[in-house]
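Got chain L sorted already, so can you dock chain P onto it with the hints?
If you want the building blocks of each chain, they are given just below.
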Amino acid sequence: MSDGSARAPAGRRGGIPLEWITTPLLVGAALLVWHGYVTGFGVSPFILPKPGDVIASWAELLRTRSTWRHSWATVYETIAGFGFALVAGVLMGAVLGKIPWLERTLNPFIVASQVVPKVALVPLFVVWFGFGPTTKVLLAAVLAFFPIFTNTLLGVKSVDLGHRDVMTSLNTSRLQRFRHLELPSALPYIITGMEVGIVLAIIGAVVGEYLGGNQGLGYLLIAKMNAYETDMLFAVLIHLTVIGFAFYLSVGMLRRFVIPWHESVQVERRGR
Amino acid sequence: MTSQPPGEPAEILLRGVEKRFATPDGEVHALAPTDLSVRKGEMLVLLGPSGCGKTTLLRMIGGLLAPTGGDLRVAGRALWDGERRDGAAVQELGMVFQEANLFPWLSIEGNVALPLRLRGMSRAERLRRAQELTRLVGIEGFEKRWPRELSGGMRQRAAIARALSYDPEILLMDEPFGALDAMTRDAMNLELQRIWMETGRTVVLVTHSIAEATFLADRIVLLSPRPGRIDTVIEVPFERPRPLALQTDAAFQAIVRRLRSRLEEIS
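If you read the protein sequences in the order shown, they are chains L and P.
Here the working numbering is used: position 126 in the first sequence is 126, and no number is missing along the way.
Here the working numbering is used: position 46 in the second sequence is 46, and no number is missing along the way.
Next up, chain L with everything else stripped away, as it sits in the complex:
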């Protein structure tokens, strides 16, 4: 064929991806520096425990039954809050993206509610919903909502003009246009919003747990702080980081399955 052939998929440039080598090396170096600092300067373990002690505490934490109850509470609040945020954010973003006058009408209120420090709402939530999981789910949802909402709105509004022409020339209904053009166009934006949103949802859940109740990893952090168990404090932090990673990677996986056609996925596959 005279007009060129399909681009061949770029071959992997052999061997192990770079970050698989650098990440353990950098983590190891950081641990060494940390250990050297603590032993060399005689830092009190109440201020900064040795990395070895922290790892031992983490292992102990993992063996403790109640850890899993606390973890589950945080995970549940995060998922529930994120789920609400996802549904509300995508729905509102899609509706406002399609109805410009409504967006203009509501815009001042949207900006105002974005600017309010959401964490400042916690006392109010506690007054309304008590110290139970509802307050934490709500805080997670409120934090995760905005990036999902604004990204969906942006995505629905940034549909390619040429693609619009195609749909117009095919004489499509509004619903078909949404289903076959605006929604798939917005998906990469929505997933980017979800990646930010899931991290904020965890923050919402943990901060909610600081302030009330007796469940969750946020509560555990405060308990360890009050008990001056700094090594355990670090262990809970690591535990939270691992859970955060798992959430973030799950959303990242979504990118691969939901929008395998998108540049961000292709670049990941070919880039190295």
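Relax, there's no trap hidden among the hints.
Which stretches of chain L does chain P cover? Using the computed rule of at least three CB atoms under 8 angstroms from a CB of chain P, they are:
#1 154 to 164
#2 170 to 177
#3 258 to 265
Chain L is faced by these chain P residues, among others (derived, beta-carbon under 7 angstroms):
#4 Gly-87
#5 Glu-99
#6 Trp-146
The following residues of chain P were derived to be distant from chain L, with all beta-carbon distances above 12 angstroms:
#7 Ala-22
#8 Thr-199
#9 Arg-260
By construction, these hints were calculated from the structure, which means they are not laboratory data.
Beta carbons are placed, not taken as given, at the ideal position from N, Cα and C, and that holds for glycine.
Just chain P now, with coordinates in the frame of chain L:
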């Protein structure tokens, strides 16, 4: 303007069709009242300098832009009723744009079959049809690829297949090969001639390439700018299928020269 065989209505008929745009700097008269008739099965090329209203004209025929005046008929039906379009008339139109405008989230066959999916055709049937169409436009074997994996020329072939998928009587093409390099462009002109001869569709194509117009057209409509209006209509008599070598023919070059000197006068 054009003599019609008795009893056979023009496939596309324009009577006094015009377009004015309101802009912040005042009104722009994009197209003066225009009469034009396109025969069934004809390859008509709209040629002109930028700003001559050729794309505006094509978008009005394609149902993408409402005329501000006049009567526009497609396959015997009035296409426009004010800002509203006649669905049955739009059904007879297939559009191809300068960019292929394939949807990146659909495979090539998904793109080609999208119009059929929107019309509720069963999956098996529309994939079978997509297979036929990819063969017709010469991209069989690439059905499962993403659009971004194909070259510009191949993407434009897929766009042509998509426009033909629901069997419209008329194919409207807005500088379809304008974004391609010269070699690919020649190849695509040959391919378009072949597809047109195999399908027998009526084609209206917009271009600003004189050679492309002369090679493809049964009839060239030269438009002049400010406001856009029809300047000259030239019949191109060469036999089909035309080989690329025709471009070195003296008669071919005579037409090209005539068009070029006229273009210089009007732009």
